[in-house]
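Please take these sequences and the hints and turn them into a complete structure.
Each chain, written out:
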Amino acid sequence: MSEGAANRTLLPKLSRMSRFTFVDVVLWGLRVGVVLIVVGGTVGTLIKGRYGAAQWFDFLLFGLTIGSVYALVALGYTMVYGVLRLINFAHGDIMMTGAFSGYFVASHFADTGLLDRNPALAMLGVLAVAVSTSTIIALLTERLAYRPFRHVRGLAPLICAIGVSFFLEQTFRGAFGSSIRAYPDPKWQRQALSIHGLSIPLVEILVVIAALVSMLILYVVVQRTRMGTAMRAVSEDADTAALMGIDVDRVVVFTFALGGAMAGVAGVCYAFVFKQVYFFMGFTPGIKAFGAAVLGGIGSVPGAMLGGLFLGIVESIGPALFLDGIGIPAPYQLRDLIAFTLLIMVLIFRPYGIMGERMAKKRA
Amino acid sequence: MKCDKRLLLSTCAAFTMATLAASGAVAETKGPVTDDLGVLMIPKGAPIQIGAYWVMSGADSALGVDEQRGVAIAIKDHGGVLLGHPIKLNTEDDQCNAEGGQTAATKLAANPNVAIVLGPACSSAATPGAPILWKAGITDIATATTAPKLTAPDRKPEYDGYMRTVYSDIDQGASDAKYVHDVLKAQKIVTVHDGSAYAQQLVTVMGENFKKLGGTVLSQEAVAPTDVDMHPVLTRIATEKPDVIYAPVFVAAGAQLLRQAKEITGLEKVPLIGSSGQMAPDLIEAARDAVVGYRITYPDVSPEAMGTNYPKFVDEYEKDYGEAPISGYHANAYDAADLAFKAIEKVAQTDANGATYIGRKALRDAVLTIKFEGVSGPIACDEHGQCAQFKPAVYEFTNGDPKTFKIGVNPKKVWP
Amino acid sequence: MNQATTDPVSRARRQERSPFARALNIGLVFGVVAVYITVVGILPMFNTRWIVVGVVSLGHAALITIGLGAGAAVTARMKASEFLPLALASLFAGAIAGGLLALLALSMQFLNLRAIFIALSPAVQKTLTFGLGAPTGPVVLILASALLAVLGAALARAPAGVRKPVLAGLILVIIFGVFQELIQIMMQFGPLIGGLRDAIYTWEGLSPLGALVIFACGCGGALLWTSVLRAPLQARFARSALVRRGYAGVARGLLFVLLLVLFPVVAGSYIGQVMLLVGLYILMGMGLNLEVGLAGLLDLGFVAFFAVGAYATALLTADSPHALASYTALPSLSYWVAMPIAVACSVIVGVLFGIPVLGVRGDYLAVATMGLGEIVRVVVQSDMAAPLLGGAQGILQITKPKIGSFELADPVELFYLTLAASALAAYCAWRLENSRLGRAWMAIRDDEDVAQALGINLVKVKLLAYGLGAAFAGLAGSIFAVMLTSIYPSSFQLLISINVLALIIVGGMGSLPGVLVGSVALVGLPELLREFGEFRFLFYGAALIVMMRIKPEGLWPSATRRRELRASVQGAAPDDPREVAAQAAGQ
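Chains as they are written, first to last, in the numbering used here: chain A, 1 to 364; chain B, 1 to 416; chain C, 1 to 587.
Accuracy of the hints is not assured; some may be wrong.
Claimed, not checked - Here are a few chain C residues that face chain A, going by a calculated C-beta distance under 8 Å:
| no. | residue |
| --- | --- |
| 1 | 223 |
| 2 | 226 |
| 3 | 230 |
| 4 | 379 |
| 5 | 388 |
| 6 | 453 |
| 7 | 506 |
| 8 | 529 |
| 9 | 531 |
Quick caveat, the hints were computed from the structure, so don't treat them as lab data. Glycine included, each C-beta is placed from N, C-alpha and C at the ideal position.
This is the structure we're talking about:
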């Protein structure tokens with residue numbers, strides 16, 4: 001993969017080649033179309049005046065919440081990619097394993113009443129179990145499925161990762177059944193803060209805070225610790241890093257552990273907001289988070305965070321803001337359309353994602 | 001090259017013979033039975049093979065696995081024996097899509113010992129699957145496919161062998177509209193579907209009927225079945241100030257809607273109405289306390305209306321599979337199996353050697369004539385294969401503990 | 001397997017271990033596998049299927065295989081020349097494996113594990129303890145497993161002349177037992193074969209006598225082949241006139257085609273249907289192979305072109321209110337006219353699809369194309385496009401293709417259509433691969449910048465890759481539509497893109513025979529597992545992992561690719577960072 005290539009965008013070059021105006025026409029058509037829909041839709045929606053300030057605030061809040069979950073999952077993708085250049089397709093399912101194991105603990109605590117008596121302790125317990133489960137499973141997948149591919153070029157590792165994804169899903173389905181389990185819903189979680197008449201559910205605040213704190217910790221680990229420095233060195237150039245005396249194996253294992261732990265946190269956050277866990281729950285957030293990681297610039301920690309939040313917010317606000325105004329029926333059915341269009345538009349302008357370019361430049 | 005020509009000829013010959021064999025509807029006689037479509041002979045001691053195709057893999061597998069379990073319990077209740085032959089169930093996976101349905105049906109049709117086929121769960125699998133089975137003379141009793149066109153009076157003759165023990169969306173949609181309009185006195189509603197053929201059809205039919213009754217459908221919203229964050233779409237719905245939200249989606253999305261609707265300003269008091277796809281303990285498991293007060297429409301299976309077999313059925317289910325029923329159509333599957341057994345018992349004839357003979361067309365005709373009280377409601381087929389009528393009822397959940405699930409108690413019948 | 005060659009540090013570490021530590025390790029691994037298949041519910045399902053009726057169920061077979069495997073693994077890992085230490089180590093490994101399973105059985109007795117693991121029913125416990133209850137059952141289990149492991153070791157140490165026939169016999173029995181339904185369906189033609197079927201099968205599966213016969217056939221066949229037939233046959237083949245004139249490949253190819261053409265006629269419509277599906281995936285695989293294998297453009301949205309081909313065909317030929325003919329002036333077209341139009345539509349969509357992602361590379365491209373594919377699916381399914389495309393209800397009553405008055409309705413007949421299409425497509429793909437364009441694709445795959453510097457027009461070449469790749473998928477989609485006569489958006493999931501990508505990589509990227517092998521392995525074989533429904537994807541996932549680990553270059557890689565991989569492995573070896581690190585640590 002020659003990401004370091006000098007040619008960052010093809011577009012200026014294309015427009016210089018006057019022979020291929022067809023491409024330009026299509027690209028400009030696409031841009032104009034998207035801008036027209038966005039502007040037209042926004043104006044239309046605002047003129048209709050269907051949503052008040054409270055609704056927009058709600059949309060933003062919902063977007064932030066799901067965006068935080070995307071961001072946490074995206075962090076795992078991005079770190080593993082940075083170090084190994086491997087798209088860990090199974091990462092969403094690792095999140096599922098964390099959420100699933102947390103479910104058994106959480107429902108046990110709910111039955112014994114601990115979740116109501118001592119919420120902080122109970123939550124810590126759930127988190128600990130979820131994080132350790134997903135970390136262990138992440139390490140196992142690394143050891144059993146990915147390590148043999150450390151020096152294999154091509155797409156074999158990606159296919160192996162897809163295999164791991166199916167394997168994890170079906171293992172959980174077989175062992176725990178295909179029914180949908182609900183996380184307990186203690187009273188304190190349903191409380192809401194109200195500021196100026198806007199009510200903010202406590203869970204959502206907790207989730208956003210948890211996400212921010214984990215990202216902060218991660219950022220510190222990557223930027224300030226010896227291990228983090230080693231990780232960055234390996235992601236720049238594994239061979240040179242090894243020559244400098246860095247144990248690449250340890251760095252990779254550490255990266256997987258960190259990514260797994262983040263997935264565990266994401267799983268618990270997800271499960272406490274959306275309550276349901278089942279074997280297939282990791283697939284869609286996994287795909288979305290993958291998109292978010294790319295949106296932010298894969299390999300970049302702040303990029304993953306930004307990408308996740310951005311994707312969440314656009315998914316939440318987009319259909320109402322852009323599509324409602326031009327009278328499209330059932331706009332929320334098209335939220336994936338908006339999310340992926342956004343992704344592609346970003347990639348047209350910045351083929352290496354929002355925060356990815358700096359890294360790419362550095363590596364060139 | 002000569003070789004190739006010969007090959008071509010032999011292939012053509014094979015084709016011609018195959019076509020002749022397929023088109024020549026000559027009555028076949030075996031033992032004491034003569035039948036236009038062929039006779040299935042089951043030697044003494046051999047099993048009666050019941051084919052089945054459901055969605056057994058992928059994200060929708062709960063639907064198919066649930067129905068397979070329903071049939072397995074029906075076989076067990078029958079003692080595993082039919083006319084002295086053991087019953088053998090051959091289940092194939094149709095993946096809830098058209099190509100899966102076609103492949104599974106082709107495989108079942110290729111097995112000449114299959115007496116009758118149960119399933120599928122998805123209309124998209126039945127559409128290509130049923131004609132293939134009928135071409136082989138096999139009757140197909142579907143267990144959860146509710147698309148109206150499959151048993152419409154103008155259906156093509158290739159669907160003649162297709163029956164179902166589940167009602168049609170047309171009946172349910174009409175009765176749901178009536179309930180929402182006349183009983184809940186709603187004037188303005190919003191409908192929500194999940195992009196599945198089932199839910200989309202049902203909200204369309206319901207919406208049309210609701211408009212006929214003089215109500216207004218403010219909008220037809222849709223979500224994806226894998227969506228978990230329903231807040232935005234619910235916020236949008238809240239701005240329309242509906243009297244009722246009609247959302248006949250499946251368990252996962254349904255539970256999310258239910259739980260999240262209570263968190264949206266303006267929707268706290270608006271009733272959500274679901275449908276039969278959610279009649280399972282799994283809904284309570286997924287929604288827990290949010291389920292209390294939730295109403296779904298489902299055929300009237302209260303003890304007053306019919307027998308009291310359902311609770312016993314659920315007990316057996318939990319004992320056998322370690323979990324409560326995981327989807328909404330296990331009872332229809334149970335009844336489909338029962339219907340098949342009754343029809344086979346009716347037409348089969350046994351000769352002196354103990355072999356059993358089943359005429360294929362006679363079997364199909366017998367299915368049409370049988371009437372009984374099933375676990376899911378009364379079963380009686382009309383001439384287009386519609387064997388279950390939607391005897392409308394509305395049930396309300398009263399408790400958030402999945403263990404208390406018992407149709408008639410939790411959820412309890414609130415209408416009529 | 002790979003590890004041994006690529007991981008010198010851990011290899012060194014492994015050699016230091018004592019034989020018993022190694023046996024313990026192997027025992028634990030096999031024990032965990034046994035516990036895994038029990039907990040996940042594979043064992044209970046296998047238990048309900050007989051291999052030999054009344055004697056051995058598939059579940060037993062799985063456990064026995066694990067026991068034997070433990071012994072065989074110990075033998076493979078230990079190079080000891082005497083049998084006794086080997087037998088002791090195997091005994092130990094087997095006992096450990098059995099011990100883990102016994103532990104599970106015991107804890108099932110005393111804890112309510114079923115509240116969490118739904119597959120652990122009382123019936124499973126009964127199987128594991130042979131119905132003997134707490135103290136005896138587990139002990140018997142451990143003993144049995146230890147003895148099986150010794151047997152496995154003995155078998156592995158036995159001379160090839162004994163081992164091979166026994167294995168062949170066992171494998172044949174398992175195949176005839178597991179796929180009995182399918183084999184019985186295929187064996188019903190003619191009184192002779194039918195009589196044979198009645199002889200070896202009872203209604204539930206293989207009879208003990210039948211199993212014995214099959215085992216003997218397998219053994220005898222293997223013996224006969226290795227000792228008598230192989231050498232003369234090979235010699236005769238080498239001597240034959242065809243081979244001498246260099247036509248060996250052609251002769252084999254012709255034989256293969258002949259088999260392909262005749263097989264579905266003999267095997268019936270179900271096999272025809274499976275081969276039809278495999279054929280459609282081969283078509284798609286060849287298309288994606290142009291994009292990914294030749295041009296290096298990773299594409300996870302390939303299903304979009306397939307969908308366009310299918311929907312275009314449906315809109316042009318269907319007898320339904322959504323068809324263009326019903327609300328425009330266009331006439332309802334016959335399939336033969338509609339198919340080229342559908343392919344053309346796919347090409348146009350392919351080019352349009354390629355334009356926005358022209359500047360995107362590598363893994364970013366994977367996400368971008370996945371997004372485009374999802375966009376197509378979401379639009380097709382949406383209420384917004386429902387008036388045109390039918391939305392969730394799909395488009396029904398697509399008419400089957402007709403030649404004169406003869407309708408291609410049966411899967412076998414449609415299979416011939418697919419075969420013809422595949423042959424045409426394979427010829428095109430082959431010609432493309434060796435054309436100027438093909439070389440340009442390979443150049444941009446290897447290095448885009450250098451290719452551009454050499455004067456290759458990136459835009460044109462890339463768009464051609466998308467367009468031509470899409471043409472193959474469009475053709476497949478078009479046949480798919482008439483195969484089903486009804487299409488729904490649920491048939492065009494991301495899973496199809498993933499599947500097509502997986503099959504060309506499992507087959508060997510950039511290789512045409514690889515596409516064939518990959519489709520058979522990933523589409524054909526899972527079809528045989530259709531009756532295992534719930535566990536199909538588990539097996540599929542496990543198979544992907546195993547296949548990639550054993551042959552990361554694919555089952556049938558192209559010659560260039562094989563060379564490249566070998567070169568890259570050799571090139572990587574001297575500066576393998578871990579080796580360097582290990583050396584550094586050692587100093």
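Results for each hint:
no.	hint	verdict
1	223	37 Å, violated
2	226	33 Å, violated
3	230	34 Å, violated
4	379	7 Å, holds
5	388	13 Å, violated
6	453	11 Å, violated
7	506	7 Å, holds
8	529	13 Å, violated
9	531	16 Å, violated
In the structure shown, a violation is registered for the earlier hints numbered 1, 2, 3, 5, 6, 8, 9, in ascending order.
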